Amino acid sequence: MLNKLVIASIFSLLLCLSLDAQEKEVSKKEDTKKENIKEAVVIDSIVATNNNIDPLAPAKAAFYSAILPGLGQAYNKKYWKIPIVYAALGTGIYFYSTNNKEYNRYRDAYKSRLAGFTNDEFYFDSQGNQLSQPRVTTQGLERGQKFYRKNKEISLLVTIGLYALNIIDANVDAHLLQYNVDEKLSLAPHFKINEIDASSNVGLTLNFKF
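Counting with mature numbering (1 follows the signal peptide of the UniProt record, and there is no 0), you get residues -21 to -1, 1 to 189 for the letters of the sequence shown.
Hints listed in this document are in silico derivations from the structure and should not be mistaken for laboratory results.
Every value quoted in this text rests on a predicted model; they were computed, and no experiment measured them.
Certain hints may be false.
[Claimed, not checked] Taking lysine to aspartate or glutamate pairs in the EDC-like style, the calculated list, with each CA pair at most 20 Å apart, reads:
#, residue 1, residue 2
1, K80, E121
2, K56, E121
3, K80, D33
4, K129, E81
5, K131, D176
6, K80, D99
7, K131, E121
8, K56, D33
9, K125, D87
[Said to hold, decoys possible] Label-pair ranges, simulated between beta-carbon atoms:
#, residue 1, residue 2, range
10, A143, K56, 16 to 26 Å
11, I61, S178, 19 to 29 Å
12, G95, I139, 11 to 21 Å
13, A143, F103, 39 to 49 Å
14, T70, K90, 26 to 36 Å
Virtual Cβ for every residue (Gly too), placed ideally from N, Cα, C.
Turn these sequences into a full structure, and let the hints guide you.
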């Protein structure tokens, strides 16, 4: 009877020690998880702080380019784009100005003809000598007005489009400068040969590493 009591006491003691050890192990694991979570939060906070993401940067770049073409590109530090912006806008303005000048020439001569005058510029040659017949007929003046007016309108639309494109370019560049490219996400082409029928398969593979 004594032996059974001693064995039961020893068994109870071992059981208590085992339970206590398990509790300590569980508690240790929970503490480790908490420390890992805290460390992850700290790391994420550091990364988020170092990214220096400015959500207003795209709007600022677009606003600057709207005020002065090329200023948004300078804000994005894309200085090499500024000459391209001014070359494109300058070309559009040049063609608009040229077509507008020619349109005014033909319009003034046409108005002079309608008033009964024969002294418009098309009645003279390049040396200033008056001609018996004008170099451009009245019908030619009408066609010239239509031609240059159409080209003037097209030049104006192209210039406005280039101005808008300058704003869009600054806005998109500001977005891309803050775009986070994660190395864990990749898109790559793949080429595989089917061993059964020896046919080849070409496609794209999207990989994401956890």
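Verification of the hints:
1. K80 with E121: Holds. K80 to E121 sits at ~15 Å (cutoff 20 Å).
2. K56 with E121: The given pair, whose Cα atoms are some 50 Å apart, is violated under the 20 Å limit.
3. K80 with D33: At roughly 46 Å apart (the allowed maximum being 20 Å), D33 and K80 break the hint.
4. K129 with E81: Distance ~12 Å between K129 and E81 Cα, so the pair holds.
5. K131 with D176: violated (63 Å)
6. K80 with D99: holds (15 Å)
7. K131 with E121: Judged against 20 Å, a Cα distance of about 15 Å means the pair holds.
8. K56 with D33: With Cα atoms ~15 Å apart, K56 and D33 stay inside 20 Å; holds.
9. K125 with D87: Distance of about 13 Å is within 20 Å: holds.
10. A143 with K56: 16 to 26 Å: holds (22 Å)
11. I61 with S178: 19 to 29 Å: The hint (19 to 29 Å, Cβ to Cβ) is violated, given that I61 and S178 are roughly 52 Å apart.
12. G95 with I139: 11 to 21 Å: Cβ of G95 to Cβ of I139: about 40 Å, so the range 11 to 21 Å is violated.
13. A143 with F103: 39 to 49 Å: Holds: the Cβ-Cβ distance is about 43 Å, inside 39 to 49 Å.
14. T70 with K90: 26 to 36 Å: With a Cβ separation near 31 Å, T70 and K90 satisfy 26 to 36 Å, so the hint holds.
Hints 2, 3, 5, 11, 12, counting from the list given before, are not met by this structure.
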